[in-house]
Every structure is written in structure tokens, then in C-alpha cells.
Amino acid sequence: MSIITLTSDYGNKDYFISAVKGYLISNLISTKIIDISHEITPFHIGECAYILRNSYPFYPSKTIHIIGLDSENEKSKKHIIAKVDKQYFIGTDGGLFSLVFQNRKIEKIIEINFNEQIKESTFPMLNVFAKIACEIINGKKIEEFGVLTHSFIYNKQSKPIIKIDNDKRRKTIVAEVIYIDRFGNIITNVSKKFFEENIDKQAFTIILRRNQKIDVISNKYSDVGEGNMLAIFNSANLLEISIMRRNTSETGANLLLGIEEKDNILIDY
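52 is the number of the first residue of the sequence shown in my numbering; add one for each residue after it.
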């Protein structure tokens with residue numbers, strides 16, 4: 052059975068995703084269609100990349116991922132098909148793919164070359180991407196859709212910075228908030244590997260806003276009592292700040308601490 056996933060910023064209120072699914076169902080037999088997310092913040096490349104990067108590795112080879120984010124064809128943003136990890140990704144290259152495929156081997160990138168009528172489409176997720184997905188499943192090679200290219204538009208991924216205070220013989224990791232999930236959990240760009248390589252078993256203090264500090268990494272959320280704050284490496288192996296069982300948009304860690312995406316969090320050690 053073939054698998055197609057859909058990811059977009061269209062939400063679920065309007066007809067857009069239903070139309071895409073209707074087209075796919077009408078043109079394919081025995082294909083499973085899976086929604087990754089349609090609640091991406093509009094035009095938010097970083098958010099979309101985080102979700103795709105941490106979901107696609109669990110899909111089997113030959114899965115086709117259709118991405119409807121800021122998808123109109125422009126001179127500076129081309130429609131492409133990327134083959135990575137034996138899977139296919141169809142979408143607009145506005146810097147998204149360089150964030151999704153960090154340190155991954157890119158097997159092939161095709162710049163889609165459709166006729167002018169299709170290029171002018173205001174709904175390429177349906178009129179271009181879904182059409183191509185159907186043709187790939189029916190046996191068409193991706194090289195037939197356009198020309199081979201060798202790189203994505205580069206969108207720099209933020210990395211933690213280490214600052215050294217020689218007078219105090221202390222170091223500080225300057226982390227950046229890269230994502231806030233629906234529970235209000237604060238995800239940073241500090242990986243478990245980076246943390247262990249630099250801090251190891253040294254004492255440390257995570258410094259947050261509103262005079263909040265954390266000096267231990269929890270193994271699971273329930274290590275602290277309900278309503279208490281914790282730091283944990285999440286399933287993506289990134290440092291996350293959370294508040295136990297604060298799972299609504301009104302009481303998440305981000306709102307209680309006044310922290311937003313791109314804000315900095317300091318780790319002294």
C-alpha cells in the first residue's frame with residue numbers, strides 16, 4: 052500500500068485539505084493518506100521544519116510527503132521534489148528543506164517544470180503537488196517532472212552559543228527557543244549530545260525569565276509534582292522546559308514564564 056502524508060498551514064476550517072484528499076482518493080487505489088499537521092502557524096518555516104524533521108523518519112521508504120506551506124511558485128522559491136532517505140518530498144523551496152534535512156544525505160532534487168497555467172496556480176498543493184504524487188505512485192520517475200538541481204535554498208539553523216567568563220571561571224550556553232508545542236512546552240536548540248559534550252556531570256543552572264531557575268534534568272515529566280517546572284530532553288532529544296500537567300493554552304510554561312519563540316535561555320556552568 053502506498054502512503055501519502057499531508058502537512059500544511061491551511062488549518063481544518065476551510066475546504067483546502069478536503070479538496071486535496073478528494074483528488075488523491077479519486078485518482079489512486081489503495082493509498083493511505085495521513086495528516087501530519089495542518090495547524091502550522093501560517094508561513095512559519097521553522098515550525099513546519101521541526102514537525103516534519105521529527106516525524107518523517109518513522110515512515111517507510113517510498114512514502115510521499117506533500118507540503119503545502121507558502122506554496123505559490125515564485126522566482127525566488129521554486130517547486131521541487133526531493134528524495135531523501137528513500138522518501139519523496141514535494142513542496143516549495145523557501146528555505147524549509149534545508150532545515151528539515153540537516154546532516155541528511157540528499158539523494159536527488161528536481162526543480163519542477165510544469166506549464167505556465169500550472170505555474171500560475173494559487174493552490175499548487177492540489178494542482179501541482181497532489182498531481183505529481185499520483186503520477187509517482189503510478190510509476191513515473193521524478194526526473195520526468197523537471198530538471199536536476201543540486202541544492203536547497205539555505206536557511207540557517209540557529210545553534211547554541213557558548214560564552215566564556217574567564218574572571219568568574221564560568222561558561223554560559225546561550226540557547227534559543229525554536230518551538231512551542233500545543234501544551235506550551237518550550238523547546239530549545241540544545242541537543243542532548245551538545246549538552247553532554249559541554250556540561251557532562253558539572254553543576255549547572257538553567258536561567259529563565261521571572262527569576263525562575265532549574266538545576267537538574269528530569270528523566271520523565273512525572274519526576275516533579277503537578278504544577279512544578281522541569282527541564283527534560285524530549286523525544287527529539289532537545290532540551291525542553293515544561294510545567295507538569297499544564298496542558299492548556301492559558302497555563303503553558305511559555306505563558307507563565309513570558310517566553311516566546313526566538314527568545315534566549317541561559318545555562319550557566
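You may find that some hints are simply not true.
[Stated by the list, open to error] Each computed EDC-like pair below joins lysine to aspartate or glutamate, with the alpha-carbon atoms no more than 20 Å apart: (1) Lys207 x Glu195; (2) Lys222 x Glu90; (3) Lys113 x Glu162; (4) Lys271 x Glu247; (5) Lys243 x Glu194; (6) Lys113 x Glu227; (7) Lys222 x Glu194; (8) Lys207 x Glu312; (9) Lys72 x Asp136; (10) Lys126 x Glu90; (11) Lys126 x Asp136; (12) Lys129 x Glu227; (13) Lys264 x Glu194; (14) Lys129 x Glu195; (15) Lys129 x Glu90; (16) Lys219 x Glu277; (17) Lys244 x Asp266; (18) Lys137 x Glu162; (19) Lys72 x Glu90; (20) Lys182 x Glu171; (21) Lys264 x Glu277; (22) Lys129 x Glu162; (23) Lys128 x Asp60; (24) Lys214 x Glu171; (25) Lys134 x Glu194; (26) Lys207 x Glu227.
[Claimed, not checked] If you anchor each label on the Cβ, the simulated ranges turn out as follows: (27) Asn63 x Ser202: 30 to 38 Å; (28) Gly73 x Gly276: 42 to 50 Å; (29) Asn78 x Glu123: 37 to 45 Å; (30) Ser81 x His201: 32 to 40 Å; (31) Lys271 x Glu195: 47 to 55 Å; (32) Ile250 x Val198: 45 to 53 Å; (33) Ile250 x Ser81: 28 to 36 Å; (34) Ile250 x Asn78: 29 to 37 Å.
Hints are computed from structural coordinates only; laboratory data are not their basis. Glycine included, C-beta positions come from ideal geometry on N, C-alpha and C.
Hint check results:
1. Lys207 x Glu195: violated (31 Å)
2. Lys222 x Glu90: Not OK: lysine 222 and glutamate 90 at ~38 Å, beyond 20 Å, violated.
3. Lys113 x Glu162: With a Cα-Cα distance of about 19 Å, the restraint between lysine 113 and glutamate 162 holds, given a limit of 20 Å.
4. Lys271 x Glu247: holds (18 Å)
5. Lys243 x Glu194: This hinted pair is violated, its Cα atoms lying about 39 Å apart.
6. Lys113 x Glu227: Status violated; Cα separation ~34 Å.
7. Lys222 x Glu194: violated (50 Å)
8. Lys207 x Glu312: Distance of about 16 Å is within 20 Å: holds.
9. Lys72 x Asp136: violated (25 Å)
10. Lys126 x Glu90: violated (27 Å)
11. Lys126 x Asp136: violated (28 Å)
12. Lys129 x Glu227: violated (29 Å)
13. Lys264 x Glu194: violated (53 Å)
14. Lys129 x Glu195: holds (16 Å)
15. Lys129 x Glu90: Violated: lysine 129 and glutamate 90 sit about 23 Å apart, past 20 Å.
16. Lys219 x Glu277: violated (36 Å)
17. Lys244 x Asp266: Given pair lysine 244, aspartate 266 holds - Cα atoms ~18 Å apart, limit 20 Å.
18. Lys137 x Glu162: OK: lysine 137 and glutamate 162 at ~18 Å, within 20 Å.
19. Lys72 x Glu90: holds (17 Å)
20. Lys182 x Glu171: holds (15 Å)
21. Lys264 x Glu277: holds (17 Å)
22. Lys129 x Glu162: Roughly 7 Å between the alpha carbons, so the hint for lysine 129 and glutamate 162 holds.
23. Lys128 x Asp60: Between lysine 128 and aspartate 60 the Cα gap is close to 17 Å, so the pair holds against 20 Å.
24. Lys214 x Glu171: Not satisfied, since the Cα-Cα distance of roughly 49 Å exceeds 20 Å.
25. Lys134 x Glu194: holds (11 Å)
26. Lys207 x Glu227: holds (13 Å)
27. Asn63 x Ser202: 30 to 38 Å: The hinted range 30 to 38 Å holds for asparagine 63 and serine 202, with Cβ atoms some 34 Å apart.
28. Gly73 x Gly276: 42 to 50 Å: Holds, since glycine 73 and glycine 276 (Cβ atoms, about 48 Å apart) stay within the stated range.
29. Asn78 x Glu123: 37 to 45 Å: violated (23 Å)
30. Ser81 x His201: 32 to 40 Å: Given about 35 Å between the Cβ atoms, the range holds.
31. Lys271 x Glu195: 47 to 55 Å: Holds, since lysine 271 and glutamate 195 (Cβ atoms, about 49 Å apart) stay within the stated range.
32. Ile250 x Val198: 45 to 53 Å: Taking Cβ atoms as reference, isoleucine 250 and valine 198 lie about 47 Å apart, which means the hint holds.
33. Ile250 x Ser81: 28 to 36 Å: Violated, since isoleucine 250 and serine 81 (Cβ atoms, about 50 Å apart) do not stay within the stated range.
34. Ile250 x Asn78: 29 to 37 Å: Taking Cβ atoms as reference, isoleucine 250 and asparagine 78 lie about 53 Å apart, which means the hint is violated.
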